[in-house]
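Same order as they appear, the protein sequences are chains A and B.
Letter by letter, the first sequence follows residues 4 to 445 of the numbering used here.
Letter by letter, the second sequence follows residues 4 to 445 of the numbering used here.
Hints may be right or wrong, so weigh each one.
No copy labels: a pair is met if it fits in one copy or bridges any two.
With a straight-line Cα cutoff of 30 angstroms, these simulated DSBU-like cross-link-like pairs (lysine-lysine) come out [as the list claims (entries may be wrong)]:
1) Lys417 / Lys366
2) Lys227 / Lys217
3) Lys440 / Lys406
4) Lys163 / Lys370
5) Lys366 / Lys163
6) Lys15 / Lys29
7) Lys17 / Lys29
8) Lys417 / Lys29
9) Lys152 / Lys15
10) Lys205 / Lys227
11) Lys163 / Lys236
12) Lys38 / Lys396
13) Lys383 / Lys236
14) Lys29 / Lys440
15) Lys29 / Lys363
16) Lys152 / Lys29
17) Lys422 / Lys366
18) Lys17 / Lys163
19) Lys236 / Lys363
20) Lys29 / Lys426
21) Lys38 / Lys15
22) Lys152 / Lys17
23) Lys318 / Lys15
24) Lys38 / Lys152
25) Lys17 / Lys38
26) Lys239 / Lys217
27) Lys366 / Lys420
28) Lys420 / Lys29
Hints are computed from structural coordinates only; laboratory data are not their basis.
Predicted model only: the values in this text are computed from it and were never measured.
Next come the chains, spelled out residue by residue.
Protein chains: 2
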Amino acid sequence: MPISGFPEWLPKVKLIEEWLIATITKVYQTHAFLKVETSSVEHFSTLEANGVEGKEIYLLKRAQSSDDESSNETLALHFDLTVPFSRYVCENLNNLHFPFRRYSLQKVWRGERPQRGRFREFYQFDIDTVSRETLPLACDAETISVIYKAFEALSLFKFKLKLCNRKFLLGFYRSLELRTEDEPRILVIIDKIDKIGASGVKDELLNLGLPQEKIDLILAFSAKRVSVREFPKVSKEFAVSNELYQGGCSELEQVTALIDEALHENILIDFSLVRGLSYYTGSILEVVLPDYPHFGSAGGGGRYEDLGSRFSSQKLPAVGASIGITRLMALILEENILTPVTGSVIEVLVTVNNEESRLKSNKVADKLRSSGVNCEVYFKAPRLGAQIEYAEKRGIPFVLFLKEDEGGESYELKDLKSKEIIKLPDVAAGYAHIIAKREMVG
Amino acid sequence: MPISGFPEWLPKVKLIEEWLIATITKVYQTHAFLKVETSSVEHFSTLEANGVEGKEIYLLKRAQSSDDESSNETLALHFDLTVPFSRYVCENLNNLHFPFRRYSLQKVWRGERPQRGRFREFYQFDIDTVSRETLPLACDAETISVIYKAFEALSLFKFKLKLCNRKFLLGFYRSLELRTEDEPRILVIIDKIDKIGASGVKDELLNLGLPQEKIDLILAFSAKRVSVREFPKVSKEFAVSNELYQGGCSELEQVTALIDEALHENILIDFSLVRGLSYYTGSILEVVLPDYPHFGSAGGGGRYEDLGSRFSSQKLPAVGASIGITRLMALILEENILTPVTGSVIEVLVTVNNEESRLKSNKVADKLRSSGVNCEVYFKAPRLGAQIEYAEKRGIPFVLFLKEDEGGESYELKDLKSKEIIKLPDVAAGYAHIIAKREMVG
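If we strip away everything but chain A, and leave its shape as in the complex, we get (with noise of 0.2 angstroms):
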């Protein structure tokens, strides 16, 4: 049995994910990200120092180990890349040029009872720019737009990228002169905005004792979803005017004056924008996709203004997003966005006649191999009929035969789909064929 929370994919729905990731991997590389991978494992410590309910991670324990190990040793699962990241570049600030740019493809593991959508093992993509002096807003915009791209290169889906900015919010709600502990209570609420709706804001709102005139301040401000066109006109309707609001409207109109104009289209400031409460402290953005409201957040970030504190006494501001590659499987296959090949990636079945010449069915499929062909040679040597079958059963489109007369080798090409049996000069020839298949299948 399948262990829940820990998918597993059938070879052709892997073909799927191996696809989102190879789009989105050239976007990143394109963009002068550089691959990094840290170990899944951390101290257990250096995990529960950054912030996170420590029962959602997973500890790691030797099934045999009779010593107890101290517990400041304990080792456990990541739960995301972050964490790591900050770990890896203050171990190695002297090995890498600043700024860092880097992207990442690795499992993360919670704990988590598994729900619809929720993993416990579960592929994160991120992508993150590290500063050992100040990071301009130029690269929140670069940021911005790489996961644009890369939403974008997947042409799957309509998405909206959502921004917002920490201090905008921030500067929004102490303009309201709330009680301390309120702030965050507030913004935890606000947070549940698209899945209990301003309705059930209001209740929660008024729950905590708000005044109503503060209620339906926060209810108006957190309702606005606007372009970035908009953006400065609207933002002074709420005519705040600490520091922390206006610095946050400065940052937000710099940032999104860095994107390019043609992707403005689909970003949308919202300022009910929250992302948890981590540890961002300026641009927050979100992916999500229109089409599919429940699914939430298909990917999200920031900019966090020291990545390295507790790692290292330098300051380490930086920006950085992340897309849930198992999430987005997920949904595409429940909602057969893309449904697998009925093909099969095996390009090429080469026959064989009997056991005798299977050396040279094996040559025939090296040198289509050498070309980056696909080839199977059949296991048995069985009727050639028999062999077809199989190539037709699987979705292979071509079956190779070897001809042996007085004319030396030969080779012949079928063609399944349109059951042409092309006769080839040379194993070359059969080269053409076969891509000018691909590519029409492509």
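Following the hints, position chain B against chain A.
Structure of chain B alone, referenced to chain A:
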């Protein structure tokens, strides 16, 4: 501090690993193997039942779980890719085509005390072919050939592919009419021959209390390392007539007859090749690197008559092999077999004249990116000299400048190696120069 036994690489070292993986992937894929990825965890009971000392296994435990989960349900990190593959095949019997060829590149974990060349977390890169009916010896030959071609494709070191056959070995030891308990003990001793030498083997056999004549025979037998061509003659020298021995000889001869003769040169039939006391039942193979005799096995595998007996009532004969990617990485780095590139994987630094024109720089970069060129846009806008220095320091080979005058926008590309400055009529013209340089490097 990095955690002992959990290797991490700098970005340029990671590129070497990526290249290893890509090179072997191409060999596996063109030989019609399909990618499968299983979850990192299994039920502990599954691993325990598959014959591995429990002490090497990492159990998972949720950090704050109050309920002690029943030990049946305890999860553990997999220690290899074969046990998970068996489970996967048995779970998906009706959704896979047989014979099913799969490759898997995944991390595995072993809680051993780390030592030189041994890791607690490491990549294995496996192939396996599994059938629901009999699996012809042609599949053994294919597995051996594919592993051979993978090392050939790497072309990083001389290698020898050692072959033997478990039936042939057991047949020989049966003929000695040993006490039942001695047979596995002897095999364990023989398995260490490369480490302890023939004299070490002799000492340990003496300790077992074997008579001198049997020891002499064992030493003579296990010293044999012969070519494919010599094998039939040499195997007859030992005058063993039991069915097991004869069957093993015949299998070995059939398998090698199905391997292209061009490969025979690096194939050695090694009468001391045991590959542990694992589940192998027929062919066994191992790759060694003659220039690094202490490195041990760079890869290995064999035939197992029943992959899935624990998971299914169906008998599933299989043959497979594994390449130890992380161990190879350690060797490559230790012996400087490959050194990280001095240049950058970022091919062009697009300069920024001032923040107002950053979007123009971005657009130029995007044009190159759409052709697959890795571009970095400078993150600030200091004088151009500082930007050129930045590219030089990182080994980025080209810097692109945007010029604006009455004639509109124009571009210049500076080759930092030749110091040549090329005027570009348009961005696409820059692409040709960059690609030309890339191919020269490649």
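query = Going back to the hint list, which numbers does this structure go against?
reply = Of the numbered hints given earlier, the structure breaks none, since each of them holds.
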